[in-house]
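Respectively, the protein sequence lines represent chains Y and Z. Take the first sequence: its letter number 472 is residue 472 in my numbering, and every next letter is one higher. Basically my numbering = 1-based index in the second sequence + 1000.
Hints listed in this document are in silico derivations from the structure and should not be mistaken for laboratory results. Quick reminder that beta carbons are idealized off the backbone N, C-alpha and C, glycines included. Please note: incorrect hints may appear among the correct ones.
[Stated by the list, open to error] Cut-off 25 Å, straight-line C-alpha distance, at most; resulting in silico cross-link-like pairs (PhoX-like, lysine-lysine):
| id | chain 1 | residue 1 | chain 2 | residue 2 |
| --- | --- | --- | --- | --- |
| 1 | Y | Lys308 | Z | Lys1035 |
| 2 | Y | Lys213 | Z | Lys1014 |
| 3 | Y | Lys239 | Z | Lys1014 |
| 4 | Y | Lys451 | Y | Lys464 |
[Unchecked claim] Covered by chain Y, according to a simulated footprint, are these stretches of chain Z (three or more residues, beta-carbon under 8 Å):
| id | region |
| --- | --- |
| 5 | 1015-1029 |
| 6 | 1032-1043 |
| 7 | 1052-1062 |
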Amino acid sequence: MKQFDTKVQYLKYMVLREVAKHAYEGDLAESIVDIPKVIVPGKTSTMRCCVYKERAILAERVKLAMGGNKNDPSVIEVIEIACDECPAGGFEITDNCRGCIAHRCEEACKKGAITFDHNQKAHIDKSNCVECGRCAQVCPYTAIISRKRPCQNACKVKAISMDENLIATINREKCIDCGSCVYQCPFGAISDKSFILNVIDIMKKSKDNTEYKVYAVVAPSISSQFTYAKLGQVIMGIKQLGFYSVVEAALGADMVADAESRELAEKGFLTSSCCPAFVKYIGHEFPMLSENVSHNLSPMATIGKYIKSADPTAKIVFIGPCTAKKAEFQKPEVHPYIDAVLTFEELQALFDGKGLDITTLPEDVLDNASFYGRIFARSGGLADAVRQGLRENGLPAENYRLLSCDGIEECRTALLKAKVKKLDADFIEGMACRGGCIGGAGCLTHGEKDKTQVDAYGAEAMEKTIKDALSVLPRN
Amino acid sequence: MKLTVCIGSSCHLKGARQVVEGFQALIAENHLEDKVELTGTFCLGNCQNGVSVKVDDELFSVQPEICKSFFEEHIIAKLGD
Chain Y
1 MKQFDTKVQY
11 LKYMVLREVA
21 KHAYEGDLAE
31 SIVDIPKVIV
41 PGKTSTMRCC
51 VYKERAILAE
61 RVKLAMGGNK
71 NDPSVIEVIE
81 IACDECPAGG
91 FEITDNCRGC
101 IAHRCEEACK
111 KGAITFDHNQ
121 KAHIDKSNCV
131 ECGRCAQVCP
141 YTAIISRKRP
151 CQNACKVKAI
161 SMDENLIATI
171 NREKCIDCGS
181 CVYQCPFGAI
191 SDKSFILNVI
201 DIMKKSKDNT
211 EYKVYAVVAP
221 SISSQFTYAK
231 LGQVIMGIKQ
241 LGFYSVVEAA
251 LGADMVADAE
261 SRELAEKGFL
271 TSSCCPAFVK
281 YIGHEFPMLS
291 ENVSHNLSPM
301 ATIGKYIKSA
311 DPTAKIVFIG
321 PCTAKKAEFQ
331 KPEVHPYIDA
341 VLTFEELQAL
351 FDGKGLDITT
361 LPEDVLDNAS
371 FYGRIFARSG
381 GLADAVRQGL
391 RENGLPAENY
401 RLLSCDGIEE
411 CRTALLKAKV
421 KKLDADFIEG
431 MACRGGCIGG
441 AGCLTHGEKD
451 KTQVDAYGAE
461 AMEKTIKDAL
471 SVLPRN
Chain Z
1001 MKLTVCIGSS
1011 CHLKGARQVV
1021 EGFQALIAEN
1031 HLEDKVELTG
1041 TFCLGNCQNG
1051 VSVKVDDELF
1061 SVQPEICKSF
1071 FEEHIIAKLG
1081 D
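Modelling step: build the complete structure from the supplied sequences, incorporating the hints.
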């Protein structure tokens, strides 16, 4: 499991791998019921109270790996029986409270929510507590802890609450599909739906790319993933899965950066439209700013549109770090250009489901985009590219203030200011995930080193400017 | 006439951009905008011998330095037929 951060990811991967393996072999229907037992054999439980519960949960994971509930259009689902019903009481005083004399907690609390019993031990009055955490910060005995569910903590748009059975539930009016809860739930009780079967089906029906050609569009964040192999081997592996050709989404990013810089100059104030979670967030919480969202399609859809303009029968699969892309590709304005979306986790499962050890493969090449298209993968990269786009279009880049918002909370702060026209910027780069796409929920690893890997990959691009990358595209 | 240049990774690294730019200039120079449709595609299945170019359905390999002579021989000459 060296390629994953957590055992939850590994478990999800094993299910995806088994489903993919049987789909490739053509015996999935007969094998579905056996998959949980293959993953959890024997009688000794290692994760839950008993192997039967473990297998029941795995059966739910198999369903999600096969596409989940088809009647529910959302891409993130709660596996109810996997939810551990974690305590969610907020700040609580523990037995560590010694009933001291200083009462720093009482002083720190601006709401008067701390009281003391006859033993001088502190108590929190929940009707007054606003969960600010100041009391916890000042307690010399670290006696005050926050009992907040990891999923609720992870969800910065406050879409997760508990139902009457204390099970996590997602408010679809608020969820932006970012997948933060998927990565953060320590029990793996929230998961993204998978389209691996759609991809395998597309591949089979193409009859080795003779009926139509299947293209993979890969996100530039791939440079920080599959670090146990060379990038060229990953590209070769994707082709050995049956893809006809592999194209960088970063070329779509170059096209977007060029168009977006001109759009910014024309409109004066703009937000990016690349991150589907950010765009959805604006739709939910800041509808009055919807007109200010760039009218460009995302890099994924832009390059998909280009490929299909040259090859109208093409099928296109996007491979990236993002769960929100699984919702984006189903939007009516994007669906004509993208046929399915995979995450890097799922790509790993497809490699292993097909028995491909990519470390043994020869290296292929991947080079379609410029440095600027490639750095879209990290926070700040999109704004750098738009700034470069302004310069290359002969526009006064120094006249525009470009703001990079790293994570949905920073986006919220900027949008709140923009709403009342108090924002000190002309362009908002909005990325829902911290660090940008390299922090996406569908990544294999989420490391600190990833940003430098993206920049190093960007620097390897043969084309150094956006216009150079675009001039490979014939203009008629 | 349809002129398709492969702009996939292999051909890109072998100079697809220079070939596209070359053809574009030659089409303009010879005023063939109405007669030659220049398009790009990702991979023509001929990665070892890039840059791959298709004239209608016929496949060729065109290095950037032979762009002009190729255009004269295979495009202009054929259009004159």
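Consistency of the hints with the structure:
The suggested pairing of lysine 308 of chain Y with lysine 1035 of chain Z holds, with an alpha-carbon distance near 23 Å, which does not exceed 25 Å. For the given pair, lysine 213 of chain Y sits about 23 Å from lysine 1014 of chain Z by alpha-carbon distance, which is consistent with the 25 Å threshold. Proximity of lysine 239 of chain Y to lysine 1014 of chain Z is assessed by CA-CA distance (about 20 Å); at most 25 Å being required, the pair is judged to hold. Restraint check: the Cα-Cα separation between lysine 451 of chain Y and lysine 464 of chain Y comes to about 19 Å, which is no more than 25 Å; the hinted pair holds.
As drawn, the region 1015-1029 of chain Z meets chain Y at 6 residues by the rule of a beta-carbon pair under 8 Å; at three or more, the given contact holds. Counting residues of the region 1032-1043 of chain Z whose C-beta sits closer than 8 Å to any C-beta of chain Y gives 8, which meets the bar of three, so the coverage hint holds. Coverage of a stretch by a chain is defined here by at least three residues with a beta carbon nearer than 8 Å to that chain's beta carbons; for the region 1052-1062 of chain Z and chain Y the count is 0, and the condition is violated.
Comparing the model with each earlier hint shows a violation of hint 7 alone; every other hint is respected.
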